Amino acid sequence: MNSSLYVNSSLIGMLIDYLEAQTVDSTVLRQKILHYQQYDRISAVDWIILLNEIAILTPVPAVGLLIGQQIKAAHTGIVGYLGLSCSSVGEAVSLFERFARLIYDVNSLSITLEGHLVSISWGSEHGTPGQLADETAISAFATMIQTIAGQAMYPTRINFINPTPADKSPYERFFHCPVSFGGIRTIVEFPAEYLNIALQNRDSNLLHLLEGHAQSLLSTLPSDQFETQLKSLLTEIVQKQEEPSLVHIAMRMNTSIRTLQRKLNQHDIKFQELLASVKLDLFNQYIKNEKLTLFEIALRLGYSEQSAFTRAVKRWTGELPKNFRK
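Just so it is clear: in the sequence shown, position 193 is 193 by this note's numbering, and no numbers are missing.
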């Protein structure tokens, strides 16, 4: 992972609460963890190291699920309190998408509504943090949503980007749904009807104040103009059905291939994974247009053979393209 990627130091409280719930001697590790509370943000690399040390200290299957289950609003900084002040789960989820970087500034988050399902997914353009970090994050996300809603809310499907473990059963017991592994994005799906759940603690005045403060905090984070420019250009190229090659990208950005490769390395961007993320975003747009056949969508995404398109969608989403038209 790139050392320029960060998580909010408020998440340290979740680790401390988990250790306090264990019956092991964690004095040394607790002191190490507390050291990070003096900072606003922790590098993703340090975060992963801390999680691994906790996993060694408490060696149980899928330990990240238990760590994430300790999440509280205070552990997510201003974003958690924003969610609690919203009028509905849908409003809270929308704000989570908008201010996700204030909590977990690693890979991009995307939310799409497809029929009766909401899909929340995280890319891998900056690399993969690993199964422990991912399961901790998804467990924390799912637990926080249930906390905000004040009731049990179970996903319909979860996919982790990482390789399949020897035993998937701890994940399926925890999430109460099918859990798959592999693909290019980590995905959490849940019924769209959950978005309409009204929240008991809603406070529009507090929400307005917190939202303004959150926007101010977001504006202080370093922006990645190169990645934004590159993703925008890739989207345009795919939409125009041009060749999304490094040669073509370099030409459009008025730079050399060597310079482009260097910038990709500096920003820890995997070009093929970013391209796949762009195609997935466009697929989610195109599939909503009932006038477009699956063959036409395949052509728009640069696949002249239906089989290659089918394999790509299966790799991205864990589902066949035809399943999105049911």
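Just to be clear, a hint being listed does not mean it is correct.
To be verified - Distance condition first, Cα-Cα at most 27 Å in a straight line; then the derived DSSO-like pairs of lysine-lysine: (1) K314 <-> K240; (2) K322 <-> K288; (3) K314 <-> K168; (4) K288 <-> K240; (5) K231 <-> K168; (6) K291 <-> K240.
Think of the hints as simulated: they come from the structure by calculation, not from any bench. Remember, it's a predicted structure, so these values are computed and weren't measured experimentally.
Legend entry - Holds or violated: K231 to K168, with C-alpha atoms at most 27 Å apart: violated (34 Å)
Legend entry - 27 Å limit on alpha-carbon distance, applied to hinted pair K314 and K240: Given that 27 Å is the threshold and the Cα spacing comes to 24 Å, the pair holds.
Inset, instruction - Verify the proposed pairing of K288 with K240, using a straight-line Cα cut of 27 Å. - result: Answer holds: K288 to K240 is near 19 Å, not above 27 Å.
Legend entry - Satisfaction of hint between K288 and K322, Cα-Cα up to 27 Å: holds (12 Å)
Inset, instruction - Would you mind confirming whether the straight-line C-alpha gap from K314 to K168 stays at or under 27 Å? - result: holds (20 Å)
Inset, instruction - Sort out whether K240 lies within 27 Å of K291, counting only the CA atoms. - result: Satisfied, since the Cα-Cα distance of roughly 19 Å is no more than 27 Å.
In terms of the numbered hints stated before, the structure departs from hint 5 and from no other.
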